[in-house]
Amino acid sequence: MIKLGQKSDAKELRPRIVGLGVFFVAGLLVLAVNLYRLMVVRYEEFLALSVDNQFKDVRLRAPRGLIRDRRGEVLVDARPSLDVFITPAFCQKCTAEVLPRLAEVLGWDEAERARVEGLIKSAHGPQRYQPLIAAVDVSRDAFDQLLARQFLLPGVDLEPVPHRSYRAGPTLAHLVGYMNEITQDELSRLNGSAERPPYALGDYIGRRGVERSFEHEVRGTDGWDKHVVNARGEVMRDARGNVLKGAQQLLPQPGNNVVLSIDARLQAEAERAFPGTAGAVVAIETKTGFIRAMVSRPAFDPNEMTGRVSPKRLAQLNQDPLQPMIFRAGAEHYHPGSTFKVVTLLAALQQGIMTPTSQVSCGGGYTLGSRRWRCHNERGHGLVDAKRALQVSCDTYFYRAADLMGIEPIAQMGKAFGLGSVTNLGVAAEVPGVMPDSAYHNKATPGGYTKGMALNTAIGQGDTNVTPLQLAVLYSAIGNKGKVLQPQLVMRLESPDGKVTKTFDPKLVREIPMTDEQHQLLIDALVSVVNEPGGTAFRTRSAEYTVAGKTGTAQVAKLGQVRLKKEQMDYFERDHAWFASFAPAEDPELTVVVLNEHGGHGGSDAAPTAAAVFAKYFELKKADAFALGEDWVAPKPPKPVFVPKPAAPADVSEPALASDVPAPPESTVQAPTPAPTQVPR
Amino acid sequence: MMNLSPERRSVSQMPWLLLLATLLTTAVGIYNLASASRPPSAPMWTSQAAYFVVGCLVAAAVAWVDPKLLEKLAVPIYLANLAALVALKFFGHKAKGAESWFVIGPLRVQPAEFMKIGMLLMLAKYFHDDYRPQQPTYGFLRLIPPAVIALVPTALVLVQPDLGTALMMAFTTMTVLLFARPSLPVLLVLGVLALAGVGVLWNDYVRPQPTEERFTVIRHKLKKHQDARITGWLDPTSDLKGSNYHAMQSKIAVGSGGTEGKGWMQGTQTGLRYLPEQHTDFIFSVFAEEQGFLKCLGLLVLYAGILLGALWVAAGAKERFGAFVAVGVAAMIFWQVFENIGMVTGLLPITGITLPLMSYGGSSMVSVMIGIGLLVNVALKRQRSGLG
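Line order of the protein sequences matches chains A and B.
Sequence positions in the first sequence follow the numbering used here and run 1 to 681.
Sequence positions in the second sequence follow the numbering used here and run 682 to 1069.
Keep in mind that the hints were calculated from the coordinates and are not lab data.
Glycine is no exception: its CB is placed at the ideal position from the N, C-alpha and C atoms.
Careful, some of the hints might be misleading.
As the list claims (entries may be wrong) - Some chain A residues close to chain B (C-beta under 10 Å, calculated; not the full set):
1) F23
2) F24
3) E45
Said to hold, decoys possible - Listed below are the simulated SDA-like cross-link pairs for lysine to any residue, each with C-alpha atoms no more than 20 Å apart in a straight line:
4) A:K56 x B:Y926
5) B:K999 x A:R14
6) A:K226 x A:R59
7) A:K226 x A:G241
Take the sequences, apply the hints, and build the full model.
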């Protein structure tokens, strides 16, 4: 044993030290060769991988196209919604600290906090790296407060997100529509197997009206950007807070703008002038079918429906007895009442049953078999010819015509005008209405068709049902000498920079053959309704232009199926007031149909709205012509009216003028009124 | 030479190559750390510089200790380190699934780093004391004590679990044992064992799998993450998003550095934190990505300088204790470098091991500097100078 401090045999160790040195150098050489393999030989491959690593594709949302009125006024665009997002993977101490802080600033109650917590906890795996929407449309104050405390809120992002803004609120709601979140089904259907899927979970998609029908036009195409991300997927920013981006990007293509034929000014006037609780106003261009204004009341607010409606509020909207979600102008039908009489008259003239001069004696009713159909004027209208029959809305005349020709010619004429089928407006769902014929009655009515049904149909009662839009198409066709046009809402599409990409032309559906004489008779009769004493809408005549129109007061055949409170019963039992019209009568430009649901009488509760719309239309036309420096040709004023005593032309309301005012409610018809015993006289 | 004053002799006997390479490597390490810990991380290079200063002081102290005292202290140091490792089981701080640290105030001390030194001193003392000039080779019986000396701390480190350090200790011990000149039968047995190890690896991991359940020798005993690392090592393309993610990201970092590198602070893999433990175990990938192949070669040359410097010290040692200490320190540094760079470049499975003088960490830095101090101590041969 060698003692401590003894000299070792260094020479004995030296060969092995040298060997060890060789081994060490060899080891380092192995490392060097491996480094050469990675860093020189496979450099390109790893460089590509490292570049791939640091970028994440970020979708750049395409701005959605605007919806404008005919003059370019913006009806629908986008506004910033201050939204709060949480990315679960980055949200440390989320439930313990972050959510209580958010709840405090945003004023969440316990239920809301629990909802967000549930949302965060339900994210698993890669979903945890997806930002979840925690709150939308927070106030500017709350947003700023959160921004200032962002360092205390890991995983919380605050961003102003473009949100669809319906500037006019409920105005045009049914036509413009609204948006909400895309469903899983739609996602898989619309995305298909596209490499860059157009839709992502959480995207909004058009749900009604133009938003839905023109979704593919207004949506645009999303772009993509490459953002520098770290290993956790967090987007990196430079010292100034700007997002670091890759060199390549695909810019989003904004959606096209949709230009409606609506004139926002006329629309506003129609909204203002319509007094009804519920109902519709339809103003379309007589010769093209383009819609200038359309009221459907009550309506909903698309701003609310677009991702801001609570389930409670939605239930409230759906249970409202006035049913604000229903598009009354096209998706609800009503008895047309006396406004239908033009159809009966034209059918009778074309059948040869009636001539313009043939007269019917009205004694206040008409007897068919053992039943008597009453005229709304129980004292009778005396001898009436075709024109007088329309002017005073004499039911007896049309009972007689129906008795002579039966239901088929009436139904055929109605169908030719488009009744009983949808108008193909396109942007909104419609109901076809009902244009009954004998086949219909044989199928739908117990006991089958009887002639009494023809009598009811002749005056727009019975099973006859039309939508206000159909009636507008019908009256346009009359003003247009039989040309039935498809109503349209969208005039053209424009690219984001305003270039017209598509123009929609008037669409002629069919032309109803009609002699000049027949046409002139209808026009004269409709003019007399408004412009001659005794006409049912005489009170609303204008001194500057000639309105041709027809009133209607439709009895409500069935009471609503919704169980109603007592005070509502009265309302829902009242008659519908109609007025269908066009002007100027000699060369019609605008057709206006007003339906005042449960509003009372056509002459008093519907016609004034139409008068206001016409007044505004001609005022705007004149103003626009001056503004554009165009010639203004005033419409022809109506023939002077002889009014016996007080010469004031406009406001004739005294009951003394018996024939002047539609004092007796017209068409308070009840089909069938049982019994000979009831027959007066 | 005999006429030189002790001071002059100290200067001439100072292992300058070793010291220069050490200093340069540390400087490169601190420069590199500044990039690895770029904002928003804490600037670690300042702490690392402080650790280096502490390491130098410790190294100087170690260098000036009387070698006799050092030899006497080998047993107590070894036992104290063992005690510390055992105590770690009870008072240790758990981090990333391993109990590796003592937390003393603001300091985190890793006893395993110091255990390596204790083990080396103990081995050197054994081979010094047991030297028999008539029996120059070591048979099985004479190798049992050093095997026990190495196995006890290695096992303690392994159960922390710190596979990387344990492997490094095993390799270092093996190097020292081989250096001590084992007898031919021992060499044959070791060769057979090595072949058996390769066989086990082939059986457990490489051999095509005929059925779901098959015979494995050690695989079923490994922890899941250890098993995954070996799988990942042998098949780098498997499970890239999971267990093999770090290995792949590290290779991407190194490979994407190319010849020139991306530039200091310009490494994207580093800056975007794709690398795990980028300031400690994976520090080399930061260096490779930003500095490129040529400077990596330079770094390897610096390590070669340290290793050859250490061997030069060993060759000049007057007694076996000093030579074995020097060889031990050299082997420790070599295996740490080899294991670390090998793992970062996908040559070896991923295990937690630091790169000497480059990785961030006080314990690692101080333990390496103690090793350097020991080398200087041996080089100065003060036991012959009469100063001691």
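Status of the hints after comparison with the structure:
1. With 10 Å as the threshold, the beta carbon of F23 (chain A) comes within range of chain B, its nearest partner Cβ sitting at about 8 Å, so the hint holds.
2. Here the hint on F24 (chain A) is kept, as its CB sits about 5 Å from the closest CB of chain B, short of 10 Å.
3. Taking 10 Å as the C-beta contact cut-off toward chain B, the hint placing E45 (chain A) at the interface holds, the least distance being around 7 Å.
4. Restraint check for K56 (chain A) and Y926 (chain B): the C-alpha separation of about 18 Å stays at or below 20 Å, so the hint holds.
5. Note on K999 (chain B) and R14 (chain A): the hinted pairing holds, with a Cα-Cα distance of about 12 Å set against a maximum of 20 Å.
6. A threshold of 20 Å between alpha carbons decides the hint, and for K226 (chain A) with R59 (chain A) the separation of about 9 Å falls inside it, so the pair holds.
7. Distance hint between K226 (chain A) and G241 (chain A) is fulfilled; the C-alpha atoms sit about 16 Å from each other, no more than 20 Å.
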